[in-house]
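Per the numbering used here, residue 676 is the first one in the sequence shown, and the count goes up by one each step.
All clues given are correct.
In silico DMTMM-like pairs for lysine to aspartate or glutamate, Cα to Cα no more than 20 Å straight-line: (1) LYS978 to GLU964; (2) LYS763 to GLU842; (3) LYS829 to ASP1112; (4) LYS1061 to ASP1034; (5) LYS963 to ASP1019; (6) LYS1097 to GLU817; (7) LYS829 to ASP787; (8) LYS963 to ASP1034; (9) LYS886 to GLU1073; (10) LYS1032 to GLU868; (11) LYS886 to ASP1075; (12) LYS978 to GLU1009; (13) LYS886 to GLU1058; (14) LYS829 to ASP1106; (15) LYS886 to GLU817; (16) LYS963 to GLU868; (17) LYS1097 to GLU1084; (18) LYS763 to GLU851; (19) LYS886 to GLU1084; (20) LYS1061 to ASP1040.
In case anyone wonders, no lab produced these hints; they're calculated from the structure.
Everything numeric in this text was worked out from a predicted model, so none of it was measured.
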Amino acid sequence: MDTSWGHLSNLFGSVQQWFNTSASARVVSSADEAFTPSFEQSALSPPLSQTHMNSISSQGLAEPSVMNNSNTNLQTFREVLFNETVLKLLRRYEFVGSIGSGAQGLVICCKDLLTNQRVAIKRLTRPFANVIHAKRAYREFEIMNLVNHRNIIKLLNAYTPQSSLDEFSDIYLVMECMDANLCSVVQMGLDHERLSFLLYQMLCGINHLHKAGIIHRDLKPSNIVVDMNCQLKILDFGLARNSGESMLMTPYVVTRYYRAPEVVLGNGYSTTVDVWSIGCIFGELVRKEVLFRGTDHVDQWTKIVSVLGTPSIEFTARLQPTVRQYVESRPRIEARPWQQIFPDISFPPDFVKERVKLDALLARDLLSQMLVIDPNNRINVQEALKHPYVNLWYDAGEVDGPAPTPYIEPTHGANLNVEQWKELIYNQIKDFERTHDIFGIGVTMNGDDEMLDET
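Produce the entire structure from the sequences given, and follow the hints as far as they go.
See the structure below:
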């Protein structure tokens, strides 16, 4: 990336201003199953200073209780009671506050006493409640452990407090801690420079996943996080799948508003489902509202067609017979003009610097190529990265870097029961613990929570 553009810190020079404009700017949808921030300081402010950490209890947060349990190895874990949930944290991590909770887990902010950095710790919720939960737990850990890209959330640590397979019930994933998700940014009035750069980073991260044969399948504003330096990262891989699998995608994959048409209709899928989701997010950042707010999968299809028009015969011919019959029985609707969908007034003023110009015309053109009902005619990630609206940020190291090791699920995965998935995950977590210094090199802790360097 050309550093003459001011790079990250300068690009978000006014981010503090828009984060402080309104705490109510975040719009939470009923279909959004990702974590809902409950710790405003973590979600909407710069990295926490010690003053911030010391003032947490005065901000209306539940004060965690540190529990001394005779069954807990006090040299290894500390137990924290938060919102009626007992969390077992490695003693290197000090509880700071809650980031949020959702169907898949509870996420908290901690301070790593070894590095003096903030981290986010996700405790997976009931990972072995059923086969679906177990598969998601496996995918999330494996994919985070596999990929390494600046626009993918980094796995810093992983552990389980249990020491045997029979006891195994908890999975803790330690990740980078960011400042906000895109839900917090939607209402903040981004200029073209910021819009373009955020979109570029989304595409870079997904491009890296696609190179590994991974389709994210659940892209939405709450699964994309940013920090005060405009660094963007993609997270939550529990629904990700191998792109080589020839399977139909259930309509319940991907939060409804961001589902591609082929997903809504239960048809086959490819990597371009992620492009549709990114297009929806991009459009939401422009219009400051959800583009297709369906109440169920039928209404979701209706909302899409009401804007983009009835699809071609070539598209409907590939649908399952009953779905095709329904789609073709509906009244034919003409697509609205793109300038009506995204009028000039929705966009910020033109951005001009040196020989580069970013404007509504360019942004609208890219949106029109991403939000295409027929996936065969939809732009792919590589093509989107070459579009002039984002190409100014192009960095070969970010776009064309080495592909990660391909993600491959167990060949017998379709036939595994919960206990077999549990054993597979247990072995993977324990292997991670053996091959990574999860406690910290050369550091021990005494019973007073103080850290002592053995050297």
